[in-house]
Amino acid sequence: MDYEHAVVGDDALTQQRGLPVTVVSGVEDGPVLLLITGEHGNEYESIIALQEMLRALDPTTLKGRVVGVNCCSVDSYLSRSRVAHADGQNLARVYPGKVDGTLTERVAYTLQHDFLGQALPHTPAFMVALHTFGPTLLGATLSGYNIYPGEPDLSTAQHEASLQTGLPLVWGHEFDAGHAAAAAIGHEASGRTALYAAFLAGVPAVYWETAWGMGGEVEYVSALARLLVHLGMVDGKNAPLEPREIVESMGHGAGLMSSHNQSPVSGLWRPATAVWDRVTSGQLLGTVYDLYGNPLHEMRAQRDGVVISVPKIQYIEQGTHCGIVL
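Sequential numbering from 71 applies to the sequence shown in the working numbering.
Mixed in with the good hints there might be a few duds.
[Said to hold, decoys possible] Pair ranges (Cβ atoms, derived):
1) Ala251 <-> Asp80: 43 to 51 Å
2) Val97 <-> Pro219: 36 to 44 Å
3) Ala76 <-> Gln121: 28 to 36 Å
4) Asp80 <-> Glu368: 52 to 60 Å
5) Gly352 <-> Ala82: 28 to 36 Å
6) Asp72 <-> Asp223: 20 to 28 Å
7) Gly272 <-> Arg340: 45 to 53 Å
8) His257 <-> Pro205: 19 to 27 Å
9) Gly352 <-> Val97: 54 to 62 Å
10) Pro129 <-> Gln86: 25 to 33 Å
11) Glu230 <-> Ala342: 20 to 28 Å
12) Pro129 <-> Ala252: 42 to 50 Å
Simulated from the structure, these hints should not be mistaken for laboratory data. Even glycine gets a Cβ: it sits at the ideal position worked out from N, Cα and C.
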């Protein structure tokens with residue numbers, strides 16, 4: 071079933087920015103799985119991935135319901151941008167939103183209350199936020215989750231679900247919910263993500279990242295099939311499939327990708343490493359050049375680890391992250 075879910079608010083623009091939702095109901099009762107995508111409207115691959123994943127579902131073998139929000143930030147999608155044109159806000163930094171806030175804050179409020187905040191038996195048993203690395207980055211397909219100090223059962227449930235997906239990278243990162251609650255809505259380092267929204271609702275959640283053209287589109291469909299088995303929504307047993315890398319990063323904010331290896335200058339970026347390369351501290355990740363081919367800055371790894379993302383050849387601005395090493 072497809073329908074448009076209204077965003078709270080009665081102005082004309084809000085009425086044009088309803089959420090496109092697809093619900094696939096199984097023939098038997100069971101858990102509810104919530105899938106969301108398009109928090110960043112220019113991550114088109116994740117929108118297509120969700121469409122393909124939902125089409126691949128067989129209701130005759132499904133127990134429960136899969137609810138897919140095909141695009142959360144319709145305004146940023148229509149403006150071909152990571153942030154909404156109406157207010158300049160990043161949806162993935164404003165949860166749980168405000169009932170009387172900006173368009174983006176009201177979208178977050180709607181997702182928090184109408185989807186994550188449903189009463190039993192409609193409360194999601196699990197949520198997946200689908201993302202991609204966007205149009206300028208290459209990256210490893212991963213299942214990421216927050217590690218909540220003091221919430222071992224929740225953290226373990228998210229870790230085990232990530233392992234069951236079969237995605238090649240499983241990345242857990244420490245998260246301080248108190249820090250997020252005290253942070254200003256919309257701040258890049260606030261931590262007010264969809265995973266934080268799920269935490270507030272008591273719903274286990276992970277996010278997936280991939281780069282289109284590197285096999286992620288196939289890996290997402292397979293990961294959903296395995297997750298459904300893990301949640302008991304489809305009969306069967308997952309064959310063992312070990313991730314290529316399992317990483318846990320400690321310290322609040324460790325999962326903020328934009329904070330890694332930021333360039334101090336603007337210029338033409340040329341990478342010297344590739345996704346999945348193992349590097350040592352001080353190893354060259356890439357160089358920023360001027361238009362004459364003169365090097366402006368060499369970006370070097372700040373730690374030993376594995377490269378999970380690197381920008382494509384492109385013009386970058388000061389502050390752009392030039393590779394994520396875990």
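Results for each hint:
1. Ala251 <-> Asp80: 43 to 51 Å: Given range 43 to 51 Å: violated, Cβ gap about 29 Å.
2. Val97 <-> Pro219: 36 to 44 Å: At 41 Å between Cβs, range holds.
3. Ala76 <-> Gln121: 28 to 36 Å: Since the Cβ atoms of Ala76 and Gln121 sit about 21 Å apart, the hinted range of 28 to 36 Å is violated.
4. Asp80 <-> Glu368: 52 to 60 Å: Check passed, 54 Å falls within 52 to 60 Å.
5. Gly352 <-> Ala82: 28 to 36 Å: violated (55 Å)
6. Asp72 <-> Asp223: 20 to 28 Å: Once the Cβ atoms are compared, 35 Å apart, the range 20 to 28 Å for Asp223 and Asp72 is violated.
7. Gly272 <-> Arg340: 45 to 53 Å: holds (46 Å)
8. His257 <-> Pro205: 19 to 27 Å: Between His257 and Pro205, where Cβ atoms are some 24 Å apart, the hint holds.
9. Gly352 <-> Val97: 54 to 62 Å: holds (58 Å)
10. Pro129 <-> Gln86: 25 to 33 Å: Holds, at about 31 Å.
11. Glu230 <-> Ala342: 20 to 28 Å: violated (36 Å)
12. Pro129 <-> Ala252: 42 to 50 Å: Given about 44 Å between the Cβ atoms, the range holds.
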